[in-house]
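Residues per chain, in single letters:
There are 2 protein chains.
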Amino acid sequence: MGKKKKSEDFPGAAYGFTHPVSTLLRAGRGFSLQDADPGAKPGFGGGKSDGRKALTAADEHLDDLQERLYAQARSGDDPARVLLILQAMDTAGKGGIIRHVIGTVDPQGVELHGFKAPTAAEKRHDFLWRVERRLPGAGMIGVFDRSHYEDVLIGRVRQLAGADELERRYGAIRDFEQRIADEGTRIIKVMLHISPEEQYERLSERLDRPDKHWKFNPGDIDERLEWDAYMQAYQKAIRETDAGHAPWYVVPANRKWYARVAVQHLLIEALAGIDPQWPAADFDVETQRRRLEDARHVG
Amino acid sequence: MGKKKKSEDFPGAAYGFTHPVSTLLRAGRGFSLQDADPGAKPGFGGGKSDGRKALTAADEHLDDLQERLYAQARSGDDPARVLLILQAMDTAGKGGIIRHVIGTVDPQGVELHGFKAPTAAEKRHDFLWRVERRLPGAGMIGVFDRSHYEDVLIGRVRQLAGADELERRYGAIRDFEQRIADEGTRIIKVMLHISPEEQYERLSERLDRPDKHWKFNPGDIDERLEWDAYMQAYQKAIRETDAGHAPWYVVPANRKWYARVAVQHLLIEALAGIDPQWPAADFDVETQRRRLEDARHVG
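Order-wise, the sequence lines are chains Z and V. Just so we're aligned, residue 3 is where the first sequence starts under the working numbering, counting upward by one. Just so we're aligned, residue 3 is where the second sequence starts under the working numbering, counting upward by one.
This list has only true hints and no planted wrong ones.
Remember, identical chains collapse to one label, so a pair may be satisfied in a single copy or spanning two.
The calculated EDC-like cross-link candidates involving lysine to aspartate or glutamate, where the alpha carbons are at most 20 Å apart (straight line), are: (1) Lys-238 with Glu-152; (2) Lys-217 with Asp-284; (3) Lys-214 with Glu-69; (4) Lys-43 with Glu-271; (5) Lys-258 with Glu-200; (6) Lys-50 with Glu-203; (7) Lys-217 with Asp-80; (8) Lys-217 with Glu-203.
Calculated directly from the structure, the hints in this document are not laboratory data.
With the rest of the complex left out, here is chain Z (with noise of 0.2 Å):
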């Protein structure tokens, strides 16, 4: 899981991590998907309620940030913006995350998109065409609900692209996301991992439940019965395109509030990272205080 190093300098310090979340759970060389256990709290001392503490106390934190974020963009020269890419098996907990760490953001400086099943139209193109449209803009947070790896996943699970297509997917992923890196585009990569046994619970609720049922899917189950070959995929996703710029994090994700609480901190150490800042004034601030007094009675 990457090298852990020791150190207070870090904005989860003051919300319970021992180390920067973004140290903590990197897939980085070597890793193995096999030896991460879904049900870990890596870097988190406390339980449960500390968990949700922790997330709520760090809501400014990450807001505060955004702002900076956001306002920096309006300069015009500044392209720096955030992508987070969210990719899990069912029920692990991708709408939790939207809801209770991205709901926290300001919607103003947030773009949110769920990549489905590509549809007829979205077929006649390469499968980054959809993705590339949806990129966030400059002093944004993007957000992918699933994304163009799935092209990698259940396209490779299900045989929906062949040995040759899927070497040259991730190639074109590998290209892909240094070019957006390199036009200013923080990637986060997002795994949430949770074990078979804790989605059988999760998927059992949802039949228990009538308010439930609307979120359970019978295609759910056929690719639960397709779960190495799903962890098989992600180990080779994870190993072809993890990279300096654009790492991939593999986030435990049996106990919710820890997961919702590491992806937080994944933002803030990002955006920490950019370090965004007020933009000077465009115009003359004596001038237009002059101008409000003259326009100071009016209506």
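Position chain V relative to chain Z; hints supplied.
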């Protein structure tokens, strides 16, 4: 401001309102903007801290209704959706409404769009073209930060359109809103109403604080100088386009907290009017339970 019907049978009764907000603030027949007090807090007895508490307390109520609306649309045959249109003079608090009211809703159920001055491409189409493209999907809460009303507000004040063209636009808006209402869209049109004195204070603050400079635009003073003309344009637009299926609400906004809790309840009341229901399962629950048991041991 419309008839006030005394009844405990409305959601706001539990949060400190004497009457439904959609009754209190409706700009109905014979509405006069001159008589509307931007500093008032119609139907709410408490002060700022009560208002803030009320906003937080009703979060879950709004959240539950929104989730039901979203779920209901998943069955595929209920087109119900909500469209909240926000219009206001600069600094009146549209951003705060989006952040503090819309921001409490699951981002997956919201489609937010801000309309700026039309681009060259947009100008090659009729003024409703770009609006049509941003209408919310079934089950969604659409939010327009400015809208097609700019074309009869700044359009009128700055004489970007002549008298005949303005008349055509009012008619086009009436037809357009009638059609989308017939399609299943619950429309809520809000004018956030501040006084020129309050705007002076807010613009001054933006000039005083370097971390607020990015929110200031010298053009805001140009618009301020046309205050009376804007009020006339609002009055005219409201008279021309207020309808039972497309109501206007003039929300006093000198007190930010009041405007926020009022818009929250306009949403809650609209959703309660739809009364969205959890959809029935479109699969046989027992069959799926058996399939899940058969798939219990995977991975």
